[in-house]
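K.L.:
Sequence:
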Amino acid sequence: MISGTIPSSWRASKLKTLNLVANNFVFDDSNSSLPFPGLHCLQRNFPCNRDSPRYAYISIKCGGLGTKASTDGRRFEREDESLGPASYYVTDTQKWGVSNVGLFNDRKTQSYFQNTLSQISGAGILTTEFFQTSRLSPGSLRYYGLGWKMGYTVSLWFAETGISDASTETWQSLGRRVFDIYIQGNRELKDFNIRKETGGASNFAVQKDFKANVSENFLEIHSSGWKRYCAYLNKVTMDHLSLPWL
Numbered sequence: 001m002i003s004g005t006i007p008s009s010w011r012a013s014k015l016k017t018l019n020l021v022a023n024n025f026v027f028d029d030s031n032s033s034l035p036f037p038g039l040h041c042l043q044r045n046f047p048c049n050r051d052s053p054r055y056a057y058i059s060i061k062c063g064g065l066g067t068k069a070s071t072d073g074r075r076f077e078r079e080d081e082s083l084g085p086a087s088y089y090v091t092d093t094q095k096w097g098v099s100n101v102g103l104f105n106d107r108k109t110q111s112y113f114q115n116t117l118s119q120i121s122g123a124g125i126l127t128t129e130f131f132q133t134s135r136l137s138p139g140s141l142r143y144y145g146l147g148w149k150m151g152y153t154v155s156l157w158f159a160e161t162g163i164s165d166a167s168t169e170t171w172q173s174l175g176r177r178v179f180d181i182y183i184q185g186n187r188e189l190k191d192f193n194i195r196k197e198t199g200g201a202s203n204f205a206v207q208k209d210f211k212a213n214v215s216e217n218f219l220e221i222h223s224s225g226w227k228r229y230c231a232y233l234n235k236v237t238m239d240h241l242s243l244p245w246l
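Numbering (the UniProt record's numbering), first residue to last: 1 to 246.
Just so you know, these hints were derived from the structure itself, not from any lab. Do not take every clue at face value.
Said to hold, decoys possible - In silico BS3-like links for lysine-lysine, alpha-carbon gap of 30 Å or less: (1) Lys208 / Lys149; (2) Lys95 / Lys190; (3) Lys68 / Lys196; (4) Lys208 / Lys196; (5) Lys196 / Lys211; (6) Lys149 / Lys196; (7) Lys211 / Lys95; (8) Lys208 / Lys68.
To be verified - The calculated label-pair distances, taken between Cβ atoms and stated as ranges, are: (9) Phe113 / Phe210: 34 to 44 Å; (10) Leu117 / Gly175: 13 to 23 Å; (11) Asp80 / Asn105: 43 to 53 Å; (12) Pro47 / Gly200: 37 to 47 Å; (13) Thr153 / Asn105: 29 to 39 Å; (14) Lys208 / Leu103: 37 to 47 Å; (15) Glu216 / Asp72: 25 to 35 Å; (16) Asp191 / Pro47: 27 to 37 Å; (17) Arg75 / Leu189: 22 to 32 Å; (18) Asn105 / Thr71: 17 to 27 Å; (19) Glu129 / Ser52: 30 to 40 Å.
Predicted, not measured: the structure shown is a model, and the values here were computed from it. Glycine included, every Cβ here is placed at the ideal spot set by N, Cα and C.
Let's have the full structure, built from the sequences with the hints guiding it.
P.N.:
Shown next as structure tokens:
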């Protein structure tokens, strides 16, 4: 963890692969001109909107190229930022943010999106287009809620669109995607394998729901890949409970 002020000599061109999230940097007039918008919100104490909760619900289309609505009228905020091997993004409203750390060693072109034109089964209230783009990370993918109230149900959606269905019995079906899911630092899913949940089927939606305690107005969702497997998310929703669950 790094503390203190960010040196004014630092410039974005020199820091393309340095992760500055979750440190204890001090932001003042000496470094206010540095091109790191919203970075102060993602420091270790998550100061933005702290002690003054503003938000009760949100839906995010991870890796989404536009805001869409589900069949029940829920609107998903777009999240189509060009994240790199060590990068972050915070909305202008400081309502939520996302960060990525990881490099694809076997890819010449680094892309942190997974795209498909396949039809998705089991999508429920969501339509196939929700799953045509997903956020992909070879290491650590985090979503942050900033300025939130106390108790939440967190819903995560997944669909394996990058590995062929096991029924095809081809070499493209032999891949695995295994990762862990943490909510507020607590590991909720270990070695999560989307296709294991669907009996080997690809292009099939899976939803996982969790209870989340928000005690200091921030909420963190962490998808962590390991070895050669990728962290992966399609959609995130955080719905405030009418009564705190704890």
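K.L.:
Confirm or reject each hint.
P.N.:
Now for the hints, and whether the structure bears them out:
1. Lys208 / Lys149: Holds - the C-alpha atoms of lysine 149 and lysine 208 are around 21 Å apart, at most 30 Å.
2. Lys95 / Lys190: 28 Å, holds
3. Lys68 / Lys196: This hinted pair holds, its Cα atoms lying about 28 Å apart.
4. Lys208 / Lys196: Given that 30 Å is the threshold and the Cα spacing comes to 14 Å, the pair holds.
5. Lys196 / Lys211: 23 Å, holds
6. Lys149 / Lys196: With Cα atoms ~34 Å apart, lysine 149 and lysine 196 exceed 30 Å; violated.
7. Lys211 / Lys95: This hinted pair holds, its Cα atoms lying about 20 Å apart.
8. Lys208 / Lys68: 20 Å, holds
9. Phe113 / Phe210: 34 to 44 Å: The hinted range 34 to 44 Å is violated for phenylalanine 113 and phenylalanine 210, with Cβ atoms some 25 Å apart.
10. Leu117 / Gly175: 13 to 23 Å: 19 Å, holds
11. Asp80 / Asn105: 43 to 53 Å: 25 Å, violated
12. Pro47 / Gly200: 37 to 47 Å: Check passed, 45 Å falls within 37 to 47 Å.
13. Thr153 / Asn105: 29 to 39 Å: 37 Å, holds
14. Lys208 / Leu103: 37 to 47 Å: 27 Å, violated
15. Glu216 / Asp72: 25 to 35 Å: 31 Å, holds
16. Asp191 / Pro47: 27 to 37 Å: 34 Å, holds
17. Arg75 / Leu189: 22 to 32 Å: Holds: the Cβ-Cβ distance is about 27 Å, inside 22 to 32 Å.
18. Asn105 / Thr71: 17 to 27 Å: 40 Å Cβ-Cβ, so the 17 to 27 Å window is violated.
19. Glu129 / Ser52: 30 to 40 Å: Cβ of glutamate 129 to Cβ of serine 52: about 36 Å, so the range 30 to 40 Å holds.
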